[in-house]
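*Asks:* Okay, here's what each chain looks like letter by letter:
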Amino acid sequence: MKQNVFIDGQHLKEIQVVAVPADGNARSIAQEAAKLIGVDAESLLVFKEDAEEPLNLDSKLEGADDPGMTHHVHQAEKVSVKIYYLNGVKQRFFSPATRIQVVLDWAVGPEGFNVDVSVAPEMELALTDKPEEEIPRSAHLGRYAGGKEHEVEFDLVRGIIPNGAV
Amino acid sequence: MSTLSPTEVAVQNHMQKASFLRGVACGRWKVLGFTFPELFVQVAAVDEHGNGKTYAFRFIVDGYPDLAPDVRCWDMATNALLPADARPQTPARTREAFKEWGHGMYRPWDRNGATHNNWAAIHPQLAWHAERDLTFILEDLHDLLNAFTKKAAA
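Chains as they are written, first to last, in this note's numbering: chain A, 62 to 227; chain B, 43 to 196.
Don't take every hint at face value.
[What the hints assert, rightly or not] Okay, derived cross-link-like pairs now, DSS-like style, lysine-lysine, Cα gap no bigger than 25 Å in a straight line:
#1 K74(A) to K95(B)
#2 K63(A) to K95(B)
#3 K72(B) to K74(A)
#4 K96(A) to K72(B)
#5 K109(A) to K59(B)
#6 K96(A) to K143(A)
FYI, nobody ran anything at the bench for these hints, they're computed from the structure.
Remember, predicted model here, so these are calculated numbers, not experimental data.
For reference, chain A alone in the conformation it holds in the complex:
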């Protein structure tokens, strides 16, 4: 018996599904993900979504009761994030399994740029070196951090599109 598991991870442009044994473990995910990513399975860490620490590769898979459960696969345990806003910059490390929504919440919050609460819901993140790339808030941070780079830079921008219509 196999079960399908959603994964996000380095070098993945979007969510993927891998089929692993129903009684499999985190290593099963790493082995299947490695085929998609093109790296050695032994070099991959496996995280649950938003988890700070990777799973023990021998740990049994959980989340059978959560059909949307998404794991993350990455070679890095931490990713350095720099965020630029106005004339300032903030930096901290996140797990690569962190959703962009969580990074954005930090960036607009008191530990970040403490953006006024009336403006905070308007804010978005854009990749500093690829502003044309859409950044879904459900995406995992590690998707944007290459295996050996382990760092991502974002601009914090106001997402509103100016009125230009009737």
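Given chain A, put chain B in place with the hints provided.
*Replies:* Below, chain B alone, put in the same frame as chain A:
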């Protein structure tokens, strides 16, 4: 036996992609019906007071994916445009996206938005092209409808 057009096949294939299915599995959106060229999808929302609700959208998908869908905020009960005063009003970027301007959604990925104000060039991260898929639009709609909610994109 019916034969699906290449456009219908493309839509069906995109609805089978992992990124789309994950959104369904997480309860972020669900398909209400698909009779080519009309696709109806419901997207989950949380307002500024923390109240959960849903909004329906009609996608016209003829020419998909070369041609961007024409996306309208829809009232399934009357099978017509959702009245402007029933659409989300906050925050400002969401209100702008949902405003009535005589066309579809006020976004660069919409069929009518692509050529509006040179948006495709000014906002390439939100512009439609043939490599995009339905999930790209649904992700943006979900983000717009959950702007107040931390961890909204779970």
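*Asks:* Determine for every hint whether it applies to the structure shown.
*Replies:* These are the hints, each one checked on the structure:
| no. | hint | verdict |
| --- | --- | --- |
| 1 | K74(A) to K95(B) | 30 Å, violated |
| 2 | K63(A) to K95(B) | 35 Å, violated |
| 3 | K72(B) to K74(A) | 22 Å, holds |
| 4 | K96(A) to K72(B) | 30 Å, violated |
| 5 | K109(A) to K59(B) | 21 Å, holds |
| 6 | K96(A) to K143(A) | 30 Å, violated |
Of the numbered hints listed earlier, those contradicted by the structure are 1, 2, 4 and 6.
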